[in-house]
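> Listed below, chain by chain, are the residues.
Protein chains: 2
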Amino acid sequence: MTNIYNNKKIRVGIVGYGNLGKGVELSVSQNHDIALVGVFTRRNPKTIKTLFKSTKVFSIDDADAMKNEIDVMILCGGSATDLLQQSIDFAKNFNIIDSFDTHAKIPHHFSAVNKIALSSGHIAIISVGWDPGLFSLNRLYAESILPFGATYTFWGDGVSQGHSDAIRRIDGVEDAVQYTIPIQEAIDTIRSGEMPLLSAKQKHRRVCFVVAEEAFDKDEIKDKIVNMPDYFIDYDTKVYFISKEELHEKHSKMKHGGFVLRSGFTGQNNNTKHIYEFSLKLESNPEFTASVLTAYARAAFKLRLEGAKGAKTVYDIAPSYIYPGSNSKLRKEFL
Amino acid sequence: MTNIYNNKKIRVGIVGYGNLGKGVELSVSQNHDIALVGVFTRRNPKTIKTLFKSTKVFSIDDADAMKNEIDVMILCGGSATDLLQQSIDFAKNFNIIDSFDTHAKIPHHFSAVNKIALSSGHIAIISVGWDPGLFSLNRLYAESILPFGATYTFWGDGVSQGHSDAIRRIDGVEDAVQYTIPIQEAIDTIRSGEMPLLSAKQKHRRVCFVVAEEAFDKDEIKDKIVNMPDYFIDYDTKVYFISKEELHEKHSKMKHGGFVLRSGFTGQNNNTKHIYEFSLKLESNPEFTASVLTAYARAAFKLRLEGAKGAKTVYDIAPSYIYPGSNSKLRKEFL
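If you're matching them up, the sequences are chains A and D in order.
For the record, in the first sequence the residue sitting at position 240 is 240 according to this note's numbering, with numbers rising by one throughout.
For the record, in the second sequence the residue sitting at position 100 is 100 according to this note's numbering, with numbers rising by one throughout.
Note that these hints are calculated values from the structure, not bench results.
Be aware that a few hints might be false.
Copies of the same chain look alike in the list, so a pair counts if it fits in one copy or across any two.
Cross-link-like lysine-lysine pairs, in silico, DSS-like; alpha carbons within 25 Å at most [what the hints assert, rightly or not]:
1) K203 - K255
2) K53 - K273
3) K253 - K46
4) K253 - K273
5) K67 - K218
6) K46 - K224
7) K238 - K250
8) K115 - K332
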């Protein structure tokens, strides 16, 4: 096929084959200027069953030897355990994209990856996805354009992996799924042009579906959940005990989404109201996040072609870089 | 004040002092890293009453002599009559921003301005605002991330200047205001995850408030409106005849807004649905558009500091350029 990179496809690899890695495998198949070289796993490659039969699986230990066959490595590990180390390791030999989403540690992660990528001559785009990612972009656009006002981010309704994990760590909990649900009244108030001060409880509520082990007291588990510091104590939390079967049947989907809203003001007396709103409603959080990663893999490739290097975030990437066509087509058809 | 440009403020000028120019005057006052040098007008400067007493007014003929005092000239003329020529003229001596919004002529305008800006060593960001502008960005982000799907743009409800002007050109019409109103059912259908094929009539309806001259037949005027090719014939159009006083009293606000929606699909059988939505609800179209222009004036200044030149659009500008703070602050507080 013809594209703007001298008729070549962008060759990507996937590191880690969980839900996110599978999402990238699917996403690459939708992008005709991108080709998947293979999946790199810490497990025994022979035990991995990929979604597409044609997808090759390699040991993660063989990745470095294939550095000349891969333009961008898409890292699909978790923020808690994998990415802080993997992004640094892979940026030595590859252009990389990661979805590092521990907000408080982003500055540290950026510096660490930047140092390696600058010295190895690669591009490393970190914290790509929808939050951090598209939501971050909208917070920036909204506030830069309307400096007077207030920005609100709401998540859900959708499953919070962190909160579900926190419940699972309680003694007597066999499994659990936690939904974060935005408070509709709060969103409506902001949409009407108000700038309310909202507590955590006024923005989101939490609903937990828990599978308890027989021998444990449910009231005690419930108490531990609703009073858990950081995670639940500041929210209205509902806890439902259900069977393992029901949990798998009804709560294994990975839908998510949310809103970024800015209520802003202009005018001589700052009395002209504007509402800026961005929202996502996603049936699959990992499949959508993977689609954002794939689009930014294209940007990493284009940036590297131009000689850029070092760590980047979505803020540093001109939007045209994620588009598969030419800039003149873009101006003609999208502007 | 301290900022990232060596403690200097960005010095901007405004060319043209209509609603948009006034909006920029207001917007600059909200941005502490930007200073307004003055307004440049084709009228006699002595006849101009600015919103702020401190705003200086100059003749447009004196602009070139002040080229060393202005970092970015913000062009606030109209697309139909002014910008095709003014952007070229001013790009000879200034970095410029314009809001050129005649979609079909953007490629031509880009080339013409690019040629001048490259040879004069300036930055010229064209077609800045919300559509073209923020809506264009969202069409790009949505489609690049979700290549399978359909994107829809809805405008309104708000006043269309072009349609109002078209009515005013009819014999016997003294004044008129035309509202473009999106069809709620169409938006709801897309939000539910459908990808309907929508005709013009199924996306928007048009409501016209018309002041007719005594001597003319209202039914005839109405016929001419609803059957006007390009503007009205493909839509459900309602026409109301009202008095001059009522038009001024009830229909002189310049509210506008709209939606960009993408219904996209991922997954092995493309059966995972995602809804991407961006919307604006603006009490003043010119004040908001002006706020976008001011933010991109900052980007023009930063780009020029780095040595960039030539014509650009919002697609070519990394988001961080419109932000007044440092990139590390941005990563820490917004990502």
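> Taking the hints in turn, state whether each one holds.
Hints, one by one, checked against the model:
When the C-alpha separation of K203 and K255 is checked against a cutoff of 25 Å, the pair qualifies only within one copy, where the shortest distance is 19 Å, while the shortest distance between copies is 29 Å. Proximity of K53 to K273 under the C-alpha cut-off of 25 Å is restricted to the inter-copy arrangement: shortest distance 24 Å between copies versus 54 Å within a copy. With identical chains, the CA atoms of K253 and K46 are never at most 25 Å apart, being 27 Å at best within one copy and 67 Å at best between copies. Taking CA atoms no more than 25 Å apart as the test, K253 paired with K273 passes between copies only; the shortest distance there is 12 Å, against 38 Å inside one copy.
Proximity of K67 to K218 under the C-alpha cut-off of 25 Å is found in neither arrangement, the shortest distances being 53 Å within a copy and 75 Å between copies. In this homomeric assembly, K46 and K224 never come within 25 Å of each other (Cα to Cα): the closest approach is 42 Å inside a single copy and 73 Å across copies. For a Cα distance limit of 25 Å, the shortest separation of K238 from K250 inside one copy, 17 Å, qualifies, whereas the shortest one across copies, 48 Å, does not. In this homomeric assembly, K115 and K332 come within 25 Å of each other (Cα to Cα) only across copies, at 18 Å, whereas the closest approach inside a single copy is 39 Å.
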